[in-house]
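> Each chain is listed here by its residues.
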Amino acid sequence: MSDVHFSPVEEELARGAEQPIEYLGERNLLPPTMTMRQLTDTICAPTENKTPRAWWMAFGAAVSLAGVLGASVAWLLFKGVGVWGNNSPVGWAWDITNFVWWIGIGHAGTLISAILFLFRQKWRTSINRFAEAMTIFAVMCAGIFPGLHTGRPWFDYYMFPLPNQMVLWPQFKSPLMWDIFAVSTYFTVSLLFWFIGLIPDLATLRDRSTGNTLPQKIRRFAYGFFALGWRGSNRHWQHYERAYLILAGLSTPLVLSVHSIVSFDFATSVEPGWHTTIFPPYFVAGAVFSGFAMVLTLMLICRAVFDMKDVVTMKHLELMNKIMLTTGSLVGYAYAMEFFVAYYSGNQYERYVFLNRATGPYAWAYWSMIACNVIFPQVFWFKSMRTSIPVMFVVSILINIGMWFERFVIIVTTLHRDYLPASWGMFSPTMWDMGIYIGTFGLFFSLFLLFLRWLPMIALAEVKATLPNAHPHAHHGAHADDHGHDGAAAPVPAE
Amino acid sequence: MTTSSTHDSESSGEVTERIASLYLAEYETPDACVGAAEKLRDAGYTKFDTHTPYPVHGMDAAMGLRDTPLGWIVFVLGLTGCLTGFVMMTWMNGIDYPLVIGGKPPDAIPSMVPVMFELTILLSAFGAVFGLFGLCQLPRHHHPIFESERFARATDDRFFVSVDASDPKFDLKKTRSLLEGTTPAHLELVEEHPS
Chain G
1 MSDVHFSPVE EELARGAEQP IEYLGERNLL PPTMTMRQLT DTICAPTENK TPRAWWMAFG
61 AAVSLAGVLG ASVAWLLFKG VGVWGNNSPV GWAWDITNFV WWIGIGHAGT LISAILFLFR
121 QKWRTSINRF AEAMTIFAVM CAGIFPGLHT GRPWFDYYMF PLPNQMVLWP QFKSPLMWDI
181 FAVSTYFTVS LLFWFIGLIP DLATLRDRST GNTLPQKIRR FAYGFFALGW RGSNRHWQHY
241 ERAYLILAGL STPLVLSVHS IVSFDFATSV EPGWHTTIFP PYFVAGAVFS GFAMVLTLML
301 ICRAVFDMKD VVTMKHLELM NKIMLTTGSL VGYAYAMEFF VAYYSGNQYE RYVFLNRATG
361 PYAWAYWSMI ACNVIFPQVF WFKSMRTSIP VMFVVSILIN IGMWFERFVI IVTTLHRDYL
421 PASWGMFSPT MWDMGIYIGT FGLFFSLFLL FLRWLPMIAL AEVKATLPNA HPHAHHGAHA
481 DDHGHDGAAA PVPAE
Chain R
1 MTTSSTHDSE SSGEVTERIA SLYLAEYETP DACVGAAEKL RDAGYTKFDT HTPYPVHGMD
61 AAMGLRDTPL GWIVFVLGLT GCLTGFVMMT WMNGIDYPLV IGGKPPDAIP SMVPVMFELT
121 ILLSAFGAVF GLFGLCQLPR HHHPIFESER FARATDDRFF VSVDASDPKF DLKKTRSLLE
181 GTTPAHLELV EEHPS
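From first to last, the protein sequence lines stand for chains G and R.
Here the first sequence stands for residues 1 to 495, where the numbers follow my numbering.
Here the second sequence stands for residues 1 to 195, where the numbers follow my numbering.
The following block holds chain G by itself, in its conformation from the complex (with noise of 0.2 Å):
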């Protein structure tokens, strides 16, 4: 990219960064010298040059992983779910925990791509596609739990409407019917979401294919097939744009619902420790946490790895250490208030719950949960924590586990002991158990790797109409016609 000229208007268009971007009052995060030119160079990059050696040794080694999961998951049907850990009382073990935090883990990318756009945060173009394609992966390893889960996973269309040979329909007082339209739902709008916002940049990287070698073609061929044929033609971008705002709006209650609905799957049970309102809204902000925690580990290792510095910032790592500061102490928040409902409550079995989590067996994956969701991520209160690479490499990493470590407790502390003392138990998992989940890294991983090579991670349309200059100014004189069609920030009806 060193080596690209730029003609004089270019350079013009570089100067300036540091004015505001207006109506906004947020200053531009990218550096005042970089050009569209540059930026198109710097993104496409990591898919043009030759395969890095590190790219095979990362892949190789997930994609052995995901063989891990497709030898546990051959065994469990082989033999049935017997080979996990899962007994009476604690039915739902380590495949629900698994469940739970992979959904929660898409969560982030929806929050980045929708509520952010939706709120008119510039700095989310810079890291919204790579959280959107985690989102896609991760509800992809989300589901395979449930779905093995059922025990005879061949019959699993049973929980889809069709006509069927018991006639018999599907029972839609069960949350798991609501699930099952929840999920399915928010993988497909994701996907959407997600290839609408990868068009123009697919036209991008089809345009620079250009050579007349085999590969080139095959590029020009791939990428232009799924451009669909797009020219940047405004008549276009006015549709697009609001197409894009549509899927946003419908996103964000979207993303809200589904983990509301998650949460709903206990909620509605009369278990000690489910039975309560306050789960909805700490599902979904537990769910933001977990994912902005993800986002952020994977996103170190891409910036160092593919030398993104310049696009990602330190100002936008910042800001993403703010919002898992906010949602953590949502999260710890709600932790202390369903202590206090439970004693409020005066429902000894509601009080057991608690205490027992507190202090019973089970007690150091509770303290495992409050270090890593609560006490750590205070840190973030102070600025030089919040601009330290590796304390926030290893923060994130600690709220992910952090995370799991919560739905385990939910799940496992309620089962093992609720109403009957006589049919208390405990539960242990089995190489079976930890094989799948290990597994579903190798999978996620897998597919992450095979985005990061052959797409360009950054959403680049959208990254140029953030640069300085990019829209009118001068000659328009009325700021006013600037609402009405903003690239980045959200495409509203002309006024």
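None of these hints come from the bench; they were simulated from the model.
Using N, Cα and C, we set each Cβ at its ideal position, and we do this for glycine too.
Be aware that one or more of the hints could be misleading.
[Said to hold, decoys possible] To spell it out: a stretch of chain R is covered by chain G in this simulated footprint if at least three of its residues, at any positions, have a beta carbon under 8 Å from a beta carbon of chain G; those stretches are:
{"id": "1", "segment": "104-116"}
{"id": "2", "segment": "164-177"}
[Unchecked claim] To list a few chain G residues with every Cβ distance to chain R over 10 Å, as calculated:
{"id": "3", "residue": "R53"}
{"id": "4", "residue": "A58"}
{"id": "5", "residue": "I401"}
{"id": "6", "residue": "G442"}
[To be verified] Below, a list of computed lysine to any residue pairs in the SDA-like style, where the Cα atoms sit at most 25 Å apart:
{"id": "7", "chain 1": "G", "residue 1": "K173", "chain 2": "R", "residue 2": "A152"}
{"id": "8", "chain 1": "R", "residue 1": "K104", "chain 2": "G", "residue 2": "P280"}
{"id": "9", "chain 1": "G", "residue 1": "K173", "chain 2": "R", "residue 2": "T80"}
{"id": "10", "chain 1": "R", "residue 1": "K104", "chain 2": "G", "residue 2": "W274"}
{"id": "11", "chain 1": "R", "residue 1": "K104", "chain 2": "G", "residue 2": "W169"}
{"id": "12", "chain 1": "G", "residue 1": "K173", "chain 2": "R", "residue 2": "A108"}
{"id": "13", "chain 1": "G", "residue 1": "K173", "chain 2": "R", "residue 2": "I109"}
{"id": "14", "chain 1": "G", "residue 1": "K217", "chain 2": "R", "residue 2": "E149"}
{"id": "15", "chain 1": "R", "residue 1": "K104", "chain 2": "G", "residue 2": "V270"}
{"id": "16", "chain 1": "R", "residue 1": "K104", "chain 2": "G", "residue 2": "F160"}
{"id": "17", "chain 1": "G", "residue 1": "K173", "chain 2": "R", "residue 2": "M88"}
{"id": "18", "chain 1": "G", "residue 1": "K173", "chain 2": "R", "residue 2": "K104"}
{"id": "19", "chain 1": "R", "residue 1": "K104", "chain 2": "G", "residue 2": "M166"}
{"id": "20", "chain 1": "G", "residue 1": "K173", "chain 2": "R", "residue 2": "V113"}
{"id": "21", "chain 1": "G", "residue 1": "K322", "chain 2": "G", "residue 2": "F376"}
{"id": "22", "chain 1": "R", "residue 1": "K104", "chain 2": "G", "residue 2": "P161"}
{"id": "23", "chain 1": "G", "residue 1": "K173", "chain 2": "R", "residue 2": "T84"}
{"id": "24", "chain 1": "G", "residue 1": "K50", "chain 2": "R", "residue 2": "A152"}
{"id": "25", "chain 1": "G", "residue 1": "K173", "chain 2": "R", "residue 2": "D156"}
{"id": "26", "chain 1": "R", "residue 1": "K104", "chain 2": "G", "residue 2": "S174"}
{"id": "27", "chain 1": "G", "residue 1": "K315", "chain 2": "G", "residue 2": "A304"}
{"id": "28", "chain 1": "G", "residue 1": "K173", "chain 2": "R", "residue 2": "L83"}
{"id": "29", "chain 1": "G", "residue 1": "K173", "chain 2": "R", "residue 2": "L99"}
{"id": "30", "chain 1": "G", "residue 1": "K50", "chain 2": "R", "residue 2": "D156"}
Assemble the complex: chain G is given as a structure, and chain R must be docked to it using the hints.
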């Protein structure tokens, strides 16, 4: 300013008939591109377009575009999704095979809300995506504008204005001089082989 025709072989004696498809003017800044769009709009052109790497502020007004009807498509489909969910669950659980679960009426509405909501979102999203494709007439992998080699930069860092030959006001000379008046960095006539 440099000008060219897509097919330079014309002068070399090879006579094949070609049809002018569009004028393509290239600009280095969004301001110049918006200015050109305004001139075309004011001159009464209707079949012209601008091609930019990202959506440029104020371009809709500069081109005189009307508001997109996409929202209506989404609204109708969203309503369809909501009603589909309601009718489906009422039929399945309330009429065709009623079962009393938890002492509630078989067709109790509150427990239908989550699925109705999800289907509303799902069909609305289909409306947004497929409505977008319909309104833009995409996918369309072949378009005369791709004949221009310089046009590849429309998805990189340049701003283009195209005037389609099917525009009633299109005239090889007048349109050219109008576009030349907007001081493009490059102006070309894109031609197509008749098929």
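> Which earlier hints turn out false for this structure, listed by number in ascending order?
Structure breaks hints 2, 7 and 25.
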